[in-house]
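Undergrad: Protein chains in written order, with the working numbering: chain A, 1 to 124; chain B, 1001 to 1479.
Hints should not be assumed to be uniformly reliable.
Unchecked claim - Taking lysine-lysine pairs in the DSS-like style, the calculated list, with each CA pair at most 30 Å apart, reads:
1) 1126(B) x 102(A)
2) 14(A) x 1173(B)
3) 1177(B) x 1322(B)
4) 84(A) x 14(A)
5) 54(A) x 14(A)
6) 1177(B) x 1250(B)
To be clear, the hints were calculated from the coordinates, so they are not data collected in a lab.
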Amino acid sequence: MAGTLTGTISVIVKEVLAIYGTPESCSDDRFHRVLNFVLEQMQRMPWLPRLAIKILTLCFTVSSFLHNGFAFLAGGSAADAYRKRIQAWSCSSLRPCRDLVKFYAAMVVLSLYSDSNALDREGL
Amino acid sequence: MAGENIRCQVLVIGSGPGGSITASALAARGMDVLLLEEGQNLRNDSCAPFSSEEIAQKYRSGGLNPALGNPNIPFVEGCCVGGGSEINSGLYHRTPAEVLANWRERYQVRDLQEKDLEPQFEFCEKVLHVQLNPGRVPAAADKLKAGADRLGWKSREVPRWYEYSGPISRERKAQAKRQTMSQTFVPAFLEAGGRLLSGIRAQKLAWENGRWNTIGVRGSESVQINAEAVFVCAGAVQTPALLRRSGIRKNIGNSLAMHPTVKVTALFDDEINTLEPEVPAHQVTEFSPRICMGCSISSSAYLALAMTDYPELQQALRAHWKQMAIYYAMIQGPATGMVRNVPFSTAPLVRYSLNPENMRSLSEALRNLCRAMFAAGATTLYPSLSGFAPLRNEGDLDRLPVALSAANTNLMTIHLFSSCPMGEDLNLCAVDSFGKVHGAEKLYVNDASILCTAPGVNPQGTIMGIARRNAMHFADHAS
């Protein structure tokens, strides 16, 4: 279960990074830095909201699976499937779905742009 | 599980503005004071201000605390020596006279005239070097002032607790050092002989044999502190949580108030942003204290965060950040919040509700802020509303709803108070006019919790002034 959750978070972070960053900001090194920050932040959260985020993330996995079946688990097509689900959840009529995407977007952006001059730096 | 036992005359729990000032004032009067802080004792330069490192080091729960309601409102609290003063923007106001009058009348707070607080404010202002920025004012602040001037609205630069050095002129940015508690009142407390223990969380208080026994935890180690008197100064959320865990519940944690805040990112034709983490300290006071508008820090992270409601505009953000800045409007929120402990959790549950009238006030605040921004020459405004198209001219303001919808409004706050209001009205108040908990011996609250209602201005000045007043009252009557 923990592996599924971390795997899902990892893919969500990668896709959110692609939305809010540039191709340069999706480098392996930066991706791992951002992912670590997101996972650490989740550890710092009070347990109740953390549990809510975890449950919603698992719901996101299940929803992606239901929409895309086993193709969703296979290599390159998974990224596309996740991206579509992220877009669908970000404008969902259900607030918890939107809040989940917003949470990951906020964490990714905070880490990505933490350096005060990040917007001025080439590649961001 | 080794246990440590410590004795002192006065224990102060929490080293934020309320706790540091209380501890410092009592130590200066010759009392044996122990100051207990849950967070770490960090150097002022341990991380860049307003960075993700600062969030990790100095914010409680990584800054991820929600007040549950409709809508949920995220809030942040400091968790380090110095508390909230280490992470806020340092804007200083004395308590507005009409707010004090309301507290005297409705909550029956004694001796709370402006003249009673004057010496306390003066003392704090001197220690913290409260002053206007003598250097160049950030361009984002000039924009807000220009917008207010064009609309004929009152606005002002707000003083801050900063010490300025180097060549000073209005043409250049002055070198500034934030005068947080860890730089001012905590060192003064230590010099006066006080003891500071950081990294210890107070779990519970118990009244035993005429003294307070506080059970604390440092990692897996328990610490017991035995004191004649205890001041709880852990902030508007942690203070009621600790008191309730200790079985003290009358009017505790039932009336949390805050300043719900809505933000707008403004795009101008000219360059106004240097990405420096400086605080533009101008505020529009035309509608104060009901509504207050001002400028936010517009660093890379904050600007990108403010624009997460507009994912399709990330490229535009990278292209035009020099022309963008964040502004806020906050309202005096009602005292409808509750703080409760949750079994098996160290984090209390916080609930806060806004009624339709509050959502109308927020819409009015947002509309006024947008008007000021357009008057200042903004070409596009991005309010923090999910799924809302950017506003491109004043006519677009008609698209703003009369009352903001909980479904798509993204609020936040950094100002929380009133969870243990002071006063002599036993139906409303948790503590008396000087912070003593009603019905308890030698137990005091002296932080943001005792402010009776939302003051409508940045609250740290009020917290400090009242904390010092109460500490002096305690010292005067201790014998």
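Undergrad: A separate judgement is required for each hint: does it hold in the structure or not?
TA: Each hint tested on the structure:
1. 1126(B) x 102(A): 43 Å, violated
2. 14(A) x 1173(B): Violated, because 39 Å separates the two Cα atoms, which is more than 30 Å.
3. 1177(B) x 1322(B): At roughly 25 Å apart (the allowed maximum being 30 Å), residue 1322(B) and residue 1177(B) satisfy the hint.
4. 84(A) x 14(A): Judged against 30 Å, a Cα distance of about 13 Å means the pair holds.
5. 54(A) x 14(A): 17 Å, holds
6. 1177(B) x 1250(B): Violated, at about 42 Å.
Figure legend: structure checked against the earlier numbered hints; hints not met, in rising order: 1, 2 and 6.
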